[in-house]
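Residue numbers (this note's numbering), protein chains in the order written: chain S, 1 to 54; chain X, 55 to 120; chain V, 121 to 332.
Please keep in mind that the hints were generated in silico from the structure rather than gathered at the bench. Everything numeric in this text was worked out from a predicted model, so none of it was measured. A hint or two may mislead.
[What the hints assert, rightly or not] Selected chain X positions facing chain V (in silico; Cβ < 8 Å):
{"hint": "1", "residue": "D75"}
{"hint": "2", "residue": "W83"}
{"hint": "3", "residue": "K84"}
{"hint": "4", "residue": "L85"}
{"hint": "5", "residue": "V91"}
{"hint": "6", "residue": "K92"}
{"hint": "7", "residue": "R95"}
{"hint": "8", "residue": "E96"}
{"hint": "9", "residue": "I98"}
{"hint": "10", "residue": "A101"}
{"hint": "11", "residue": "E104"}
[What the hints assert, rightly or not] Calculated pairs, DSS-like style, for lysine-lysine (alpha carbon to alpha carbon, straight line, at most 27 Å):
{"hint": "12", "chain 1": "V", "residue 1": "K152", "chain 2": "X", "residue 2": "K89"}
{"hint": "13", "chain 1": "V", "residue 1": "K257", "chain 2": "S", "residue 2": "K31"}
{"hint": "14", "chain 1": "X", "residue 1": "K92", "chain 2": "V", "residue 2": "K194"}
We treat Cβ as the ideally placed atom computed from N, Cα and C, and that holds for glycine.
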Amino acid sequence: RQHQIAIGQSGEVKRATLEEVRERLEWLAQKRREEKEGIGNVVDLGKRLEVRKE
Amino acid sequence: KDWDDDDIEEVEMVDDTDDLDPETERAAWKLRELKRVKREREVIETAEKEREEIERRRNLSKEERE
Amino acid sequence: MTHAADARRHFDSRGYTGPQIHNQNPVHLLEKPIRDRIITSYYWQEQCFAINEATLCDRAAAMSFIGGTYGQQKPSPFLCLTMKLLQLMPERDIVLEYLHQTEFKYLTALAAFYIRLTFDSKDIFQTLEPMLADYRKLRRRARDGGYSLTYMDQFVDDLLTKDRVCATSLWKLPQRTILEDLGHLEARDSPLGRELDEIDDQDDDIMANGES
């Protein structure tokens, strides 16, 4: 995990800037959109993998 | 979400999806907002009445003193 | 600038010397029994360790309800993240970014709660009142564990008018009218705006007709 690297051994976490918060939110929003769109595909892929196993 | 051992299905029984029925959702909000406006006005009216009552008593006691 | 990965300094029994909000250790804006529940909770220990203002958004985006405690007085993620914010004390711009971003409504609710706890009274009204026009749905979890529906505007109204919200007693906010009398605030303009005038006119008509 990114933040575990960030804290290293010091037990401290870097303060985030507004810019970093915005980027994080944008990234999370993007991820959520992709998940929504991807639900159908994932189910299909799951089925196909099941079929191949048999 | 392994921190939560609760039933996921129960969460989904209360649907928080917005804009399923925009008109009804706005109408319900309008009603809530009207209630707030009414409540705010009542607070002001009550305060005014109290002020008048204090004024009235003050005048009364003045007359009584004279 | 860094944060402690845990909240050592805020819970140090030898005394707290860090920055204050409302003249006290910010985490003390939550009552002690609740704080104790939070720091022993799995969610706090697993999900709130070593996060900062940015990574906290991951947790906030995953929230699916607001609430206080439920079941065996288990604190909600909402409360745990509130305490994390009290520990992080994000800069004002960041808090407002949480509040006004439109993608994650539970983050907006979290920011509103944090603002109610930490801003001064005039600022609370000025920042939160515009949210009374936001009628997105929010899931709320009650003490018995059951879920119900509320709305952003209802939640914000609760924050502005109630003494207790989400198992937390809120510091006493002066009544709006007092701040108006002092000249700190203008009378609130309802977002209903002209619609409200029309409704008033209708009422007046009814009154006038009734009296004639």
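Practice prompt. Verify the proposed pairing of K92(X) with K194(V), using a straight-line Cα cut of 27 Å.
Written response: This hinted pair is violated, its Cα atoms lying about 37 Å apart.
Worksheet item: Do the alpha carbons of K152(V) and K89(X) lie within 27 Å of each other, as the hint requires?
Response: Violated, at roughly 35 Å.
Discussion item. Given a cut of 8 Å on the nearest C-beta pair, is the interface hint for V91(X) held or broken against chain V?
Written reply: 5 Å, holds
Item to complete: Would you settle whether the hint for E104(X) is holds or violated, based on the nearest Cβ-Cβ distance to chain V being less than 8 Å?
Response: 11 Å, violated
Discussion item. Can you verify the interface hint for A101(X): is its Cβ closer than 8 Å to any Cβ in chain V?
Written reply: 6 Å, holds
Item to complete: Mind checking the alpha carbons of K257(V) and K31(S) for me, to see if they're no more than 27 Å apart?
Response: 22 Å, holds
Worksheet entry | Interface hint compliance - K92(X) to chain V, C-beta minimum distance less than 8 Å | Because about 10 Å separates K92(X) from the closest Cβ in chain V, which is outside the 8 Å limit, the hint is violated.
Worksheet item: Taking 8 Å as the limit, does the beta-carbon of R95(X) come near enough to a beta-carbon in chain V?
Response: 10 Å, violated
Item to complete: Identify whether the interface hint at W83(X) stands, where standing means a beta carbon of chain V within less than 8 Å of its own.
Response: 4 Å, holds
Worksheet item: Do the numbers back the hint for E96(X), that is, is its least Cβ distance to chain V under 8 Å?
Response: 11 Å, violated
Item to complete: Report holds or violated for the interface hint on I98(X), using the least CB-CB distance to chain V and a cut-off of 8 Å.
Response: Since the shortest Cβ distance to chain V is 6 Å, the answer is holds.
Item to complete: Identify whether the interface hint at L85(X) stands, where standing means a beta carbon of chain V within less than 8 Å of its own.
Response: 11 Å, violated
Hint compliance for this structure: hints 1, 4, 6, 7, 8, 11, 12 and 14 are not met, and every other hint is.
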